[in-house]
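Converting from the sequence shown to this note's numbering requires adding 4 to each position, the first position being numbered 1.
Simulated from the structure, these hints should not be mistaken for laboratory data.
Computed from a predicted model, the values in this text were never measured in an experiment.
Quick reminder that beta carbons are idealized off the backbone N, C-alpha and C, glycines included.
Just so you know, not all the hints are guaranteed correct.
[Said to hold, decoys possible] DSSO-like, lysine-lysine: derived pairs with alpha carbons at most 30 Å apart: (1) Lys-53 <-> Lys-83; (2) Lys-83 <-> Lys-100; (3) Lys-100 <-> Lys-53.
[Stated by the list, open to error] Cβ-Cβ distance ranges computed for the label pairs, FRET-style: (4) Pro-62 <-> Gly-118: 36 to 42 Å; (5) Leu-117 <-> Arg-21: 15 to 21 Å; (6) Arg-13 <-> Glu-116: 32 to 38 Å; (7) Thr-28 <-> Thr-51: 24 to 30 Å; (8) Ala-126 <-> Val-27: 35 to 41 Å; (9) Gly-112 <-> Lys-53: 14 to 20 Å; (10) Asp-37 <-> Leu-113: 35 to 41 Å.
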Amino acid sequence: MGQHEIARRYHPELIKRIRIDLVTQTDRGYTDDLQQGFIIVDAIRLTGKVLAATIVGPRASEMISLFSLAIQEGISLYKLYRIVYPYPTFSSGIQKVADAFLRDTLTGLRGELGTYLRYRLARPPAQRAEHATGAIRASQS
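Take the sequences, apply the hints, and build the full model.
As structure tokens, this is what we get:
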């Protein structure tokens, strides 16, 4: 699912973006003297449902399949966190993403729950614009 589709389906406040630097946040990045690389994941607040993932760096093609499966099957970051990852590999970055999501969610649970409930049923701005445009067109016909 691309960014435009996410914006159309979900309110922006409902999406949590997690970014992990493969250079400084993975031991493999350190041992291989990696110059650049990152993982970005967009997930629904509180539930951790993975909506989109971007991986730039070595072994990206090997790691992206796990995110493809998570998106297709609705696997949450909570479940990805419980997987045992080989060490030291770049795929430990996936666990770092899940860990960052859990840490942010659980430490700010009250705020996360409030945001989730406030925007879960709210129509995203893109849909409001489409709905308003459609209503205007219908009234002009």
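Note whether the CB distance of Pro-62 and Gly-118 lies within 36 to 42 Å or breaks it. holds, 39 Å
Take a look at whether the Cβ-Cβ distance between Gly-112 and Lys-53 falls inside 14 to 20 Å. Given a distance of about 18 Å, which is inside 14 to 20 Å, the answer is holds.
Can you let me know if the beta-carbon spacing of Ala-126 and Val-27 is within 35 to 41 Å? Since the Cβ atoms of Ala-126 and Val-27 sit about 37 Å apart, the hinted range of 35 to 41 Å holds.
Do the alpha carbons of Lys-83 and Lys-100 lie within 30 Å of each other, as the hint requires? Satisfied, since the Cα-Cα distance of roughly 13 Å is no more than 30 Å.
Look at the Cβ atoms of Asp-37 and Leu-113 and judge whether their distance stays inside 35 to 41 Å. Since Asp-37 and Leu-113 have Cβ atoms about 38 Å apart, the given range 35 to 41 Å holds.
I want to verify a distance hint. Is the separation of the beta carbons of Arg-13 and Glu-116 within 32 to 38 Å? At 20 Å between Cβs, range violated.
Could you check the hint for me, namely that Leu-117 and Arg-21 are 15 to 21 Å apart, CB to CB? holds, 19 Å
Tell me if the straight-line CA distance from Lys-53 to Lys-83 falls inside 30 Å. holds, 10 Å
Is the gap between the beta carbons of Thr-28 and Thr-51 within 24 to 30 Å? holds, 28 Å
Compare the distance between the alpha carbons of Lys-100 and Lys-53 with 30 Å, and conclude whether the hinted pair is satisfied. At roughly 16 Å apart (the allowed maximum being 30 Å), Lys-53 and Lys-100 satisfy the hint.
The structure does not agree with numbered hint 6 stated previously, though it agrees with all others.
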